[in-house]
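Asks: Each chain is listed here by its residues.
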Amino acid sequence: MRAARPVEQALRLSTPRPAHHVCRNCRLQQFSTSRPVPASEPFYKRLMTGIFGSKESREADRARDERQQKKVKELGQRQGGALEKKRDRRGREYEVAAIVDPTETQDYVQAVTWDGLEQVGSEQWVRERADRGEQYVGFRPGKRVRLDAAQWRALLHHVVVELLTLQKAKRALEEACWPRVGESETWVHTRQARIQSSVDGSVTMSFAQAEAEATILASIPTRHPEQMTQNAEALSREVEGAVAEGGPADAADGPKGNIPPAWMDMSIQDPALKIMLLKRILQLTAQTPPTPTLNTATTLASIYTHLAAPAAPKKLAHAPALQKLQSRAPNVAVHARRQTPIDAERKVGRWKVIQDELMKRDLPVTGSRHREAKAGISMRGREVRIT
Amino acid sequence: MATTAPPTNTKPTPNLGAPRGPPPQSTKPSQISRPPSNPFLTTATLPTLAFPTLEPLTLTTYPSTHLRLPLRKDILHRAVIYEADSTRQGTANTKYRTEVHGSNRKIRPQKGTGSARLGDKKSPMLRGGGVAFGPKPRDFSTKLPRKVYDLAWRTALSYRYQKGELLLLEDFAELVNVHPHSAPRYLRDLLKHNQMGHADGRTLFVTLERREGLFGALEVDGMGRQARAVDVLDVDVKDLLELGRVAMERSALEFLLREHESDLVPGLRLDAWEKSQARMGTGMGMGNGPALGQAQAAVSA
Numbered sequence: 001m002r003a004a005r006p007v008e009q010a011l012r013l014s015t016p017r018p019a020h021h022v023c024r025n026c027r028l029q030q031f032s033t034s035r036p037v038p039a040s041e042p043f044y045k046r047l048m049t050g051i052f053g054s055k056e057s058r059e060a061d062r063a064r065d066e067r068q069q070k071k072v073k074e075l076g077q078r079q080g081g082a083l084e085k086k087r088d089r090r091g092r093e094y095e096v097a098a099i100v101d102p103t104e105t106q107d108y109v110q111a112v113t114w115d116g117l118e119q120v121g122s123e124q125w126v127r128e129r130a131d132r133g134e135q136y137v138g139f140r141p142g143k144r145v146r147l148d149a150a151q152w153r154a155l156l157h158h159v160v161v162e163l164l165t166l167q168k169a170k171r172a173l174e175e176a177c178w179p180r181v182g183e184s185e186t187w188v189h190t191r192q193a194r195i196q197s198s199v200d201g202s203v204t205m206s207f208a209q210a211e212a213e214a215t216i217l218a219s220i221p222t223r224h225p226e227q228m229t230q231n232a233e234a235l236s237r238e239v240e241g242a243v244a245e246g247g248p249a250d251a252a253d254g255p256k257g258n259i260p261p262a263w264m265d266m267s268i269q270d271p272a273l274k275i276m277l278l279k280r281i282l283q284l285t286a287q288t289p290p291t292p293t294l295n296t297a298t299t300l301a302s303i304y305t306h307l308a309a310p311a312a313p314k315k316l317a318h319a320p321a322l323q324k325l326q327s328r329a330p331n332v333a334v335h336a337r338r339q340t341p342i343d344a345e346r347k348v349g350r351w352k353v354i355q356d357e358l359m360k361r362d363l364p365v366t367g368s369r370h371r372e373a374k375a376g377i378s379m380r381g382r383e384v385r386i387t
Numbered sequence: 001m002a003t004t005a006p007p008t009n010t011k012p013t014p015n016l017g018a019p020r021g022p023p024p025q026s027t028k029p030s031q032i033s034r035p036p037s038n039p040f041l042t043t044a045t046l047p048t049l050a051f052p053t054l055e056p057l058t059l060t061t062y063p064s065t066h067l068r069l070p071l072r073k074d075i076l077h078r079a080v081i082y083e084a085d086s087t088r089q090g091t092a093n094t095k096y097r098t099e100v101h102g103s104n105r106k107i108r109p110q111k112g113t114g115s116a117r118l119g120d121k122k123s124p125m126l127r128g129g130g131v132a133f134g135p136k137p138r139d140f141s142t143k144l145p146r147k148v149y150d151l152a153w154r155t156a157l158s159y160r161y162q163k164g165e166l167l168l169l170e171d172f173a174e175l176v177n178v179h180p181h182s183a184p185r186y187l188r189d190l191l192k193h194n195q196m197g198h199a200d201g202r203t204l205f206v207t208l209e210r211r212e213g214l215f216g217a218l219e220v221d222g223m224g225r226q227a228r229a230v231d232v233l234d235v236d237v238k239d240l241l242e243l244g245r246v247a248m249e250r251s252a253l254e255f256l257l258r259e260h261e262s263d264l265v266p267g268l269r270l271d272a273w274e275k276s277q278a279r280m281g282t283g284m285g286m287g288n289g290p291a292l293g294q295a296q297a298a299v300s301a
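Note that the protein sequences, when read in sequence, are chains A and B. Oh and the first sequence: position 200 is 200 in UniProt numbering, straight run, nothing missing. Oh and the second sequence: position 274 is 274 in UniProt numbering, straight run, nothing missing.
One should not assume that every hint holds.
Result set (DSSO-like, lysine-lysine): computed pairs, CA atoms no more than 27 angstroms apart in a straight line [what the hints assert, rightly or not]: (1) K238(B) to K143(B); (2) K314(A) to K192(B); (3) K192(B) to K143(A); (4) K163(B) to K143(A); (5) K163(B) to K315(A); (6) K314(A) to K73(B); (7) K192(B) to K315(A); (8) K163(B) to K314(A).
In case anyone wonders, no lab produced these hints; they're calculated from the structure.
Given these sequences and hints, build the entire structure.
Replies: Okay, here's the thing in structure tokens:
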């Protein structure tokens with residue numbers, strides 16, 4: 001401490017003398033590098049404020065609760081319990097969740113589990129919120145239309161009459177795919193047409209009534225419509241109308257089965273006619289012949305033969321050859337799927353009893369993914385032991 | 001004025017060295033015999049579809065030498081193996097006994113211990129020793145004649161065409177007016193609507209260049225189950241054969257066909273075919289009118 005005295009003297013001379021007395025320790029602390037923090041409040045008081053809150057914080061909490069209760073009352077007075085609707089930055093409308101005060105609403109029961117509650121925050125939820133909502137609209141309809149041979153004949157007759165009518169009027173064939181004017185039922189008039197194809201592939205078409213041709217042309221718009229995609233209901237109605245009973249004029253003397261009628265010998269080597277035929281069939285039925293068939297088809301009969309052919313069975317057991325086996329070899333049973341022990345029990349009539357007994361004992365009837373499934377199996381390292 | 005005397009009748013000297021045979025043909029252009037046209041050269045027609053509506057727009061034709069080749073499974077096999085070999089990284093590495101860190105000291109005497117004789121501790125027989133014939137980094141690539149590989153390319157495309165699994169899209173197949181956040185869901189809807197998604201065997205989109213919207217949508221987690229997208233420089237024969245169908249831009253298909261036709265004589269290549277079509281009055285795009293259709297009828301079988 002004796003060494004501090006010269007330092008003290010130097011300090012007294014260099015620094016201005018303070019008005020009040022400064023003790024030695026404080027003088028020594030003048031060279032301290034840390035800034036002294038003045039304690040406005042005692043430590044004990046600061047601790048009490050931190051735990052129990054100050055007067056100001058209690059006032060703020062009280063004001064906040066009052067505002068909340070006021071808001072709840074206002075929402076409760078809203079008619080019919082309607083939720084407030086707002087719009088976000090992207091213009092999407094959403095409902096503000098209701099605030100229910102359990103002290104006031106006696107029948108309100110707080111949820112114990114999360115079943116049935118709205119879940120937020122998952123990756124899927126984030127993706128759905130970020131989605132802008134653009135909807136895909138395709139050219140073909142959503143569902144494939146299944147038709148039998150007679151219905152295909154009727155539909156192809158309807159489509160070909162429309163295309164030939166446009167071709168005869170020297171209008172673009174693309175107009176056949178445009179939405180029809182109003183609620184026009186062109187299939188009523190296309191049925192009246194009679195198509196005759198000659199040996200060289202050329203085709204002639206005639207109507208029973210002259211007004212039918214004009215009506216068909218009037219129902220197809222001449223200008224490019226604003227709404228390019230047709231209404232799905234209108235398309236399905238057109239298909240139903242075209243394939244309804246009482247079909248084309250030459251249906252009475254038409255062939256039966258899958259044999260194409262004579263008028264289908266018309267040539268479709270004209271590329272414009274071929275592509276429009278494909279387009280119109282796709283637009284109406286969501287089906288199209290495969291490209292190799294389209295490539296080699298020279299007449300409409302080729303396309304009809306492919307479209308009217310029954311679909312190949314997905315199971316070998318449903319194949320015609322094996323279906324015939326049932327009559328040829330009655331001692332052979334053909335199944336479409338693997339026969340399990342349950343099938344064997346069903347055949348002898350024992351399965352019902354087994355099922356009832358298992359359900360009576362509250363045991364799983366089928367499956368191996370239940371708690372007791374591997375009770376007798378233990379795995380130690382790589383070795384599996386079954387007890 | 002002296003007139004030249006008419007040539008006297010002189011018998012032509014017999015050409016004793018010439019082989020006996022039919023008299024040589026006249027050199028007049030009208031009498032030059034042209035080789036007969038090849039009856040096996042037909043055409044392959046397929047519709048061009050708009051994207052993303054998949055609306056048929058027009059019919060496009062290619063020669064049968066490019067899209068109607070017979071199926072050659074052996075050539076496809078060779079090409080797939082060739083690609084797989086060249087794709088191998090070949091970086092597997094093990095240490096031989098000389099590379100294992102350790103001393104070369106003989107760890108026990110040759111005789112007298114009653115145990116087998118041993119040299120250093122790096123022997124493959126010992127634990128911690130080297131690997132006897134383990135893998136070393138090497139090049140696994142094999143060679144395949146260029147013409148065979150090109151034939152495999154066109155055979156794969158022909159196979160897809162014959163099965164009806166080759167969809168030709170118009171150029172610049174891109175998701176227009178679709179926000180990147182909506183693109184995965186929009187593309188999933190597109191694939192489901194047109195039966196091209198996971199339930200129907202997935203689809204491979206092949207474009208001429210990277211299409212940011214389409215490619216970005218398919219790079220999101222989970223979209224690989226629905227479809228894949230590659231550009232022409234990254235697509236392989238194996239990719240063409242892998243998924244349920246191939247949806248290819250028209251320019252991408254023509255790029256690939258031009259890139260892989262070295263096994264064809266110049267007269268049968270795509271450029272020559274285009275020129276012959278232009279001379280006949282039909283372009284590669286069809287759907288113009290009855291007159292053109294008649295010319296087309298003369299070409300197709």
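Asks: Which numbered hints are broken by the structure, listed smallest first?
Replies: none
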